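*Asks:* Residue-level listing of the chains:
There are 2 protein chains.
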Amino acid sequence: MGGDHGPSVVVPAAALALVRHPGMRFILVGDEGQIRSELAAHPALADKSELIHTDVAIAMDAKPSQALRQGRWKSSMWLAIEAVRDGHADAVVSAGNTGALMVMAKFCLKTIKGVDRPAIAAIWPTIDAECIVLDVGANVGADSRQLVEFALMGAGMARALFGMEKPSVGLLNIGVEEVKGVEEIKGAAAVLKDLPLPIRYHGFIEGDDIGRGTVDVVVTDGFTGNIALKTAEGTAKQIGEYLRAAMGRSLLARLGAVLAQGAFRALKEKMDPRQMNGGIFLGLNGIVVKSHGGTDATGFASAVDLAYEMASSGVVKRLGSDVADFHTKLELEGAA
Amino acid sequence: MGGDHGPSVVVPAAALALVRHPGMRFILVGDEGQIRSELAAHPALADKSELIHTDVAIAMDAKPSQALRQGRWKSSMWLAIEAVRDGHADAVVSAGNTGALMVMAKFCLKTIKGVDRPAIAAIWPTIDAECIVLDVGANVGADSRQLVEFALMGAGMARALFGMEKPSVGLLNIGVEEVKGVEEIKGAAAVLKDLPLPIRYHGFIEGDDIGRGTVDVVVTDGFTGNIALKTAEGTAKQIGEYLRAAMGRSLLARLGAVLAQGAFRALKEKMDPRQMNGGIFLGLNGIVVKSHGGTDATGFASAVDLAYEMASSGVVKRLGSDVADFHTKLELEGAA
Numbered sequence: 279m280g281g282d283h284g285p286s287v288v289v290p291a292a293a294l295a296l297v298r299h300p301g302m303r304f305i306l307v308g309d310e311g312q313i314r315s316e317l318a319a320h321p322a323l324a325d326k327s328e329l330i331h332t333d334v335a336i337a338m339d340a341k342p343s344q345a346l347r348q349g350r351w352k353s354s355m356w357l358a359i360e361a362v363r364d365g366h367a368d369a370v371v372s373a374g375n376t377g378a379l380m381v382m383a384k385f386c387l388k389t390i391k392g393v394d395r396p397a398i399a400a401i402w403p404t405i406d407a408e409c410i411v412l413d414v415g416a417n418v419g420a421d422s423r424q425l426v427e428f429a430l431m432g433a434g435m436a437r438a439l440f441g442m443e444k445p446s447v448g449l450l451n452i453g454v455e456e457v458k459g460v461e462e463i464k465g466a467a468a469v470l471k472d473l474p475l476p477i478r479y480h481g482f483i484e485g486d487d488i489g490r491g492t493v494d495v496v497v498t499d500g501f502t503g504n505i506a507l508k509t510a511e512g513t514a515k516q517i518g519e520y521l522r523a524a525m526g527r528s529l530l531a532r533l534g535a536v537l538a539q540g541a542f543r544a545l546k547e548k549m550d551p552r553q554m555n556g557g558i559f560l561g562l563n564g565i566v567v568k569s570h571g572g573t574d575a576t577g578f579a580s581a582v583d584l585a586y587e588m589a590s591s592g593v594v595k596r597l598g599s600d601v602a603d604f605h606t607k608l609e610l611e612g613a614a
Numbered sequence: 279m280g281g282d283h284g285p286s287v288v289v290p291a292a293a294l295a296l297v298r299h300p301g302m303r304f305i306l307v308g309d310e311g312q313i314r315s316e317l318a319a320h321p322a323l324a325d326k327s328e329l330i331h332t333d334v335a336i337a338m339d340a341k342p343s344q345a346l347r348q349g350r351w352k353s354s355m356w357l358a359i360e361a362v363r364d365g366h367a368d369a370v371v372s373a374g375n376t377g378a379l380m381v382m383a384k385f386c387l388k389t390i391k392g393v394d395r396p397a398i399a400a401i402w403p404t405i406d407a408e409c410i411v412l413d414v415g416a417n418v419g420a421d422s423r424q425l426v427e428f429a430l431m432g433a434g435m436a437r438a439l440f441g442m443e444k445p446s447v448g449l450l451n452i453g454v455e456e457v458k459g460v461e462e463i464k465g466a467a468a469v470l471k472d473l474p475l476p477i478r479y480h481g482f483i484e485g486d487d488i489g490r491g492t493v494d495v496v497v498t499d500g501f502t503g504n505i506a507l508k509t510a511e512g513t514a515k516q517i518g519e520y521l522r523a524a525m526g527r528s529l530l531a532r533l534g535a536v537l538a539q540g541a542f543r544a545l546k547e548k549m550d551p552r553q554m555n556g557g558i559f560l561g562l563n564g565i566v567v568k569s570h571g572g573t574d575a576t577g578f579a580s581a582v583d584l585a586y587e588m589a590s591s592g593v594v595k596r597l598g599s600d601v602a603d604f605h606t607k608l609e610l611e612g613a614a
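As they're listed, the protein sequences go chains Z and X.
First residue of the first sequence: 279, per the working numbering; consecutive thereafter.
First residue of the second sequence: 279, per the working numbering; consecutive thereafter.
Pulled out of the complex, with its shape left as it was, chain Z reads as follows:
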């Protein structure tokens, strides 16, 4: 029921994702009448879907604490998360209120043992591939220990999604020299440098290293990460506008644009934020994917795809064992 458009986006999106992954099954939670009327146009999806009806939906502008108080046990958001907790679903995807989704997911699924606070991870396109950036908005600020946990979680996700053994990890900072940056980041660097875990610690990176693909996993606090993510989205949109304006300026440019339209289409697809739609909540006992609230069916379907990949990859187990391993080693060091 979440996002700006509710079932009118979610249902067609599920239908799109089903075409790509015919083995998927769906549990659609929300107002049965609205969902059924959308499902009517998608019989293949209807065959693969189970409905859970509820009248209660979390408002997009509800405060997280208020959402938890009013929406627990009965809202569509809660019931969808609960389906993951109870093993009826492998992942939950929502376009609803981010803060409410995080609070409810934490309350219902609980954090993985050893994880202090969950983070939201984004898959960020780079020049040649992709990297994982976290936290992009779950928490404002993060201490050294949390940054290290983010590094472990991001690396676990990179191992599971990208199939790499030893992902490289960088700490986002305002200079690459060791002396720069805030205490929390320096503290995390000191721990990561000596960590006997399947991570290649790269060191500090700067904002322009994200898109350059300098590392596989970019670690930062949720405030900085969110602003970096939105700034990059804004810049991409801005350059798209420049390009459009430049290509319409002269007859020759317009003719050139017509000839190159296949190339422009490929570029547009590569720059399309809908292809990268989906923030992954990491550190919980279950997979939760948050879609942009304002996206369309194409965008929401990307978030569903992402949930599917995450569920198929066994990433939650992987994270759990990595974090446990880290804490065991920390304790051993403490005891030594």
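Each hint should be verified, as a subset may be incorrect.
Treat identical chains as interchangeable: a pair holds within one or across any two.
To be verified - Taking lysine to aspartate or glutamate and the DMTMM-like style, the derived pairs with C-alpha atoms no more than 20 Å apart in a straight line are:
#1 548 - 519
#2 464 - 339
#3 464 - 519
#4 341 - 461
#5 515 - 333
No lab work stands behind these hints, which were simulated from the structure alone.
Fair warning: this is a prediction, and the values are worked out from it, not measured in the lab.
With chain Z's structure known, arrange chain X on it following the hints.
*Replies:* Leaving out everything else, chain X in the frame of chain Z:
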């Protein structure tokens, strides 16, 4: 002497800037031999330049405190700043060590009365125009009062450079709702909302609002601002790569690119980071412009142009009276 290339970039850059602003005069500070051999190729510049020789240059990797200790009174950086303090120059431009430049400029020029800490401002291209973003790296973190001072300084700069009466000001945050964000930002918002100064306070903005041009002045702390700036630069470069790859993909695309090459050239110019080269130190009794260390003559010349515009605009006086006005009003409020 600063930057990756020293006089071999600075001297040709000054020559470029002189062509655009024939009324300029230069004081070139550094190794006389090196400067003279560069000047030989630029007789028009030589006519307009005065040389100050010194053997001491601040290393690009010197710590600020160490640079101040070793370079005070005698380094090229110091002597150039001193020329501003003593009224021999209207502005100083350096491609040297940022931290050292800030520390020396503070020590030599002193901050404007009422300003707690100077900030570095960047001029950021938007879809239709430009905006000012500060702080982009002078300080890590900023309290409410400092953020308000940044707002005043940025607005003063917008008035002077863009010729607008009441610039709009936004606080960079991770959500536009009033409840979001860190305490410092909320505190600044509370003050800015009721400020009887020539500012249009817009409210919170998000990362994608910067390039969209939602406000004339974007206020943030130096850590976040620096990461946003570098992330945007990285994204622009990344999309340039995508574009190049897309245009080389097929014969038709290559043909289209040839026809549209005028448009691509205009686009490239618009996206060229050298056009926007120059961080302005705000809040000092004098104009200090920091160029990227790795830039070429075109880029350094942009920084010189910027210094020229700033000096012609009377911005320092404007800032001084705005900040004084603000503090008077605060005191009156405190007394009332």
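*Asks:* Work down the list of hints and note, for each, if the structure agrees.
*Replies:* Status of the hints after comparison with the structure:
no., hint, verdict
1, 548 - 519, "both (15 Å within a copy, 12 Å between copies)"
2, 464 - 339, "between (36 Å within a copy, 18 Å between copies)"
3, 464 - 519, "neither (39 Å within a copy, 33 Å between copies)"
4, 341 - 461, "between (31 Å within a copy, 17 Å between copies)"
5, 515 - 333, "neither (37 Å within a copy, 48 Å between copies)"
Hints 3, 5 from the earlier list are contradicted by this structure; the remaining hints agree with it.
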